[in-house]
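Visitor: Chain residues, written in single-letter form:
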Amino acid sequence: EPEVTQTPSHQVTQMGQEVILRCVPISNHLYFYWYRQILGQKVEFLVSFYNNEISEKSEIFDDQFSVERPDGSNFTLKIRSTKLEDSAMYFCASSEGGRGNAYGYTFGSGTRLTVV
Amino acid sequence: GENVEQHPSTLSVQEGDSAVIKCTYSDSASNYFPWYKQELGKRPQLIIDIRSNVGEKKDQRIAVTLNKTAKHFSLHITETQPEDSAVYFCAASIGGNNRLAFGKGNQVVVIP
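Going line by line, the protein sequences match chains A and B.
Take the first sequence: its letter number 65 is residue 65 in the working numbering, and every next letter is one higher.
Take the second sequence: its letter number 64 is residue 64 in the working numbering, and every next letter is one higher.
One should not assume that every hint holds.
[Stated by the list, open to error] List time: in silico DSBU-like cross-link candidates among lysine-lysine, alpha-carbon distance up to 35 angstroms: (1) K42/B to K42/A; (2) K71/B to K57/A; (3) K58/B to K78/A; (4) K78/A to K57/B; (5) K68/B to K57/A; (6) K22/B to K42/B; (7) K42/B to K78/A; (8) K57/B to K83/A; (9) K57/A to K22/B; (10) K78/A to K104/B; (11) K58/B to K71/B; (12) K57/A to K37/B; (13) K68/B to K83/A; (14) K42/A to K104/B; (15) K68/B to K78/A; (16) K58/B to K83/A; (17) K58/B to K68/B; (18) K78/A to K37/B; (19) K22/B to K104/B.
Keep in mind that the hints were calculated from the coordinates and are not lab data.
This structure is a prediction, so every number in the text was calculated from the model and none was measured.
Here chain B stands alone, though its shape is the one from the complex:
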């Protein structure tokens, strides 16, 4: 299978707090896991990605962790700011052509 499940569907956090979004995937051959941020009416923007040979990757306030055994990966946003409010999609690569299977998205609301 190629399901990508994303939890929770909506997350509200106070400005300055951390936000964590989790995704699970079912295809054991998946080896590329990007996270996208999408603002209303705009395209998904890649914010961070991780490959299967790495367990964790960090870029300033954003980090992604991957557990291949458990088939889940998580997005961590620290010191959240109002401009972090958006829909976040996780994805996992499927097949030899690296097409992406997306999760359903997570609406993150940062409360000032």
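So that you can see chain A by itself, here it is in the shape it has in the complex:
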């Protein structure tokens, strides 16, 4: 069964440092997403990406965040200057289609980011 893969599985970083979280969505999917989950809390939407551009972002996704699809397979989330409150599990997801066509909505296994 196709999978969304994420690397690394765990990242520890110093406050103020930049981190890049990597994702490889399912190959025929067109919509890509980043979500995060602070320990013990619900999953929160960060950003959606379609046709090589951001299609929607939440209030959490401020100027310190950016996303990129540098080639035909990778989808990255960059946090420019990490803060303690950025510590969370970050999930990448992808789906085949947009409104009314969310087939194959699949989450990756996540990257646990710890900011110290």
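On the provided structure of chain A, position chain B as indicated by the hints.
Guide: This is chain B only, laid out in the frame that chain A set:
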């Protein structure tokens, strides 16, 4: 609005009994409603989903019902087993990009 509310927050059931978790949503344009099971430290795993043109869907011991008029949908687990113990999240699709808005999760504990 795009609130997704989930009740109850914790549910304990005896093995073999049924468990029901309810979710309400506020966006009348939502048309895709997945349920995820999340075990500690792992990613959410899709267990069942339903689209707005269907009122009920069943997969073995799991079923989901949708009431679009009332804007609520429920997860039903029958003949619960200890391995059903996990946090269950409901979600509803929002907007043209199908981003998901999640409920706060429900801790289900199946007592052997």
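Visitor: Now, for every hint given, state plainly whether the structure supports it.
Guide: Going down the list of hints, with the structure as the test:
no.	hint	in the structure
1	K42/B to K42/A	holds, 13 angstroms
2	K71/B to K57/A	holds, 25 angstroms
3	K58/B to K78/A	violated, 40 angstroms
4	K78/A to K57/B	violated, 39 angstroms
5	K68/B to K57/A	holds, 26 angstroms
6	K22/B to K42/B	holds, 23 angstroms
7	K42/B to K78/A	holds, 22 angstroms
8	K57/B to K83/A	violated, 43 angstroms
9	K57/A to K22/B	holds, 27 angstroms
10	K78/A to K104/B	holds, 26 angstroms
11	K58/B to K71/B	holds, 19 angstroms
12	K57/A to K37/B	holds, 25 angstroms
13	K68/B to K83/A	violated, 41 angstroms
14	K42/A to K104/B	holds, 5 angstroms
15	K68/B to K78/A	violated, 38 angstroms
16	K58/B to K83/A	violated, 44 angstroms
17	K58/B to K68/B	holds, 18 angstroms
18	K78/A to K37/B	holds, 28 angstroms
19	K22/B to K104/B	holds, 12 angstroms
In terms of the numbered hints stated before, the structure departs from hints 3, 4, 8, 13, 15, 16, listed from lowest to highest.
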